[in-house]
Each structure stands twice: as C-alpha cells, then as structure tokens.
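Using the sequences and the hints given, assemble the complete structure.
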Amino acid sequence: MSFVRFAVTLLIPVWLAAAAAAAATPSLKAGAFEPPRQAPDFVLRGSDGSDLTLGRYRGKVVLLSFGFTHCPAVCPTTLATLAQARSALGSAADRVQVVFVTVDPERDSPAQLKSYLAAFDAGFVGGTGKPEVLAAMRRNYGVVAEKVPVGDSYAVDHTSSIFLIDREGRLSALMPYGRDAKDFVHDVKLLLAK
Amino acid sequence: MRDGRVRAGWRTFAMRASALAAAGLVIALAWAALAPIEPASRDQLFEIPPGTWARRMAGDKVEILPDTVRLTLGIKDVLLLRNLDDVPQVFGPALIMPGQSFRLPFEVASTYSFACTAHAKGAMSVIVEPGPAKGWPTLRWRTLQWLQRTPT
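Which chain is which? The protein sequence lines are G and D, in order. Residues in the first sequence are numbered consecutively from 8, following the numbering used here. Residues in the second sequence are numbered consecutively from 3, following the numbering used here.
Bear in mind the hints are in silico, worked out from the structure with no lab data behind them. Beta carbons are placed, not taken as given, at the ideal position from N, Cα and C, and that holds for glycine. Warning: the hint list may mix true and false statements.
[What the hints assert, rightly or not] Quick list of in silico lysine-lysine cross-link-like pairs, DSSO-like style, CA-CA up to 30 Å:
1. K63(D) - K154(G)
2. K67(G) - K137(G)
3. K136(D) - K189(G)
[To be verified] Here are some of the chain G residues that sit facing chain D, going by a computed Cβ distance under 7 Å:
4. F40
5. H77
6. V151
7. A152
8. S160
9. A162
10. L181
[Claimed, not checked] For the chain D half of the interface with chain G, some residues (derived, Cβ under 10 Å), not all of them:
11. L81
12. G101
13. Q102
14. S103
15. F108
16. E109
17. S112
18. Y114
19. C118
20. G124
21. V128
Here is the structure:
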C-alpha cells in the first residue's frame, strides 16, 4: 500500500509536468511575426460591389492572398485549400474572411473576381484597384509581382504566401504556399482564441 | 602460494572491470543510437545586423541569408529571421520590421522556394531534410556532433 502511495506520489508530478509540457502555449504552423505589427490598411474595389478595406473585417481573422484569375496553378490551389479550411472550421468559418487581391488589374475586374472566387467559396472577397494603389499595397506587405510574357499573353509571377491577420488587425503570420488546409484550421483556431 | 592468490585476485578484478567497462560502452552506444535527439534549440537563426541598410546603400554587397538554407526535421527545423537594423527589410519570405522577428517552423521534409528580393536571384530555397533514423544513423549523427563539438 505504502509502495503504491509512493509510486503515485512520484508519478503525479511527472504526469503534471508532462501535461504542462503538452499544454504549453501552442505555436502557429505558419511563420509568426514577433511582435506582430498592425497590418497596413487599404482601400480597393471589392468584388462584392463595395469598398474593400481591412478595417471592415475587424473582429474576424483575415486570410489575405495575392494572385490573379488567369493563374494556372498556384492561385487555384491556394483558394481551394482556403475553401477546404473554411469548410472544416464549421460555425467558426463565419469569423474568418478570405481576401484575394489581384496582381493583374488589367484583366481582373470586380465582376471577374466575383465569378472566379464564387467557384471556390461564395464568401471569399476579391479586391482590385488602380495599378499604383495595388503596387503600394504590395510594397506595404512585402509582396512581389512581376509580369512575364507567355506566348501572346502574359502571366504574373507573384508571392504565393498567405497573410494571417488577427481579429485586432495585426499581421500575425505568413503561411507559405503548399501547406495543408489543416494547418490553416489550426492557426485560425489559435488566432480566434486570442 | 600467496603471490599466486594475489595474481589470481588481480586477474579476476581486471576481468570484472573489463566486463563492466564493456557493458558501460554497450549501454552508452545503445543510448547514443536509440535515445531521441533533444536539441537545446531548434531555431536556425539569421540576423540582419544594425547598419546593414546603410552598408548596402554605400555599395557593400552584404549577404546575410544564403541562397539555400538547409534544415533538419526534429533538430534544426525552425527558420528564425531577425531584423536588428533600423529600416524594414525583405528577409527571406517576409517583410520584417526593425526589431521584429519571423519564426517559420517546418514539419515536412521537402524543398521550399520563396520569392526574396534580398537575393540577386530573387528567390531563396529552404531544404528540409529528415532527421536521422534511430540506430546507426542517430549514432553516426551524435558521433559527428561530438567530433565537431557542436552543441545541439
């Protein structure tokens, strides 16, 4: 009996220490900025017909992506992943907003963005604007975009990472292209719990 | 007669000591081959020192982050970039403000490419390799670390 008590006494602190280690502050799967800065705001023409600003989504987690509707692979993959993540979030999806900002304003009108994004998730919002406005926004976020000729047309090489902006409008993290939907779900839940 | 007993005693002692040493060696090797590697830090840190922007503006070719960064899962699998300069810098995949850090963990062995205007090529790669498997690879890894006296 005394041995059992001794073993239990010995094991409880070990178990508590292990539990504490397991419950230690979980970290983001994305690349985290420390300390996070306020995400630069912007005013674009939204695919929903109204002005698209970051302030509009204060209180939600914003997943901000840059791309273009003629993108052959990277953008569709990213948007499909984000749609999958939102679906997996269930009711929490209402507190997440995906914003897709074009790097190709010549071809991406608000209407074009709207029909393109609806194929992934009707809740996604696209943004476009004057080239100089979009260029300034890209500079603020450290995003690159370069037009490259492809046959008679062109494509745009661009940053493929996705920005994670918390409910207070802070630029918290950057998810590299190619990560699974479950990584987004994990990080969005963490940001929503903050 | 007494000398013979002393010699036999010493022989027995030497044999037992050798057996003990051999057992100790086997245990040490088994530990080195099978125990999980627990590094003190999994961060691979790169820092932009103060004055980097000024040096670049003065024409110095300052390369801080290599074109290719190699990481090892479970050992060094977190890319930690820190900007100690007094201006924002595009450093690897991120725009990092003065005094800010960017901490990017990796969980899958692969090659990752990022656009990076800080590099002449406009891109950088992060190659994440799997950590050594238990057994001989872990033993070899620990031996190399010990020989290089690199703290983990």
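(message) Name the hints, by number, that the structure is in violation of.
(response) When the structure is compared with the hints, numbers 5, 7, 8, 9 turn out to be violated.
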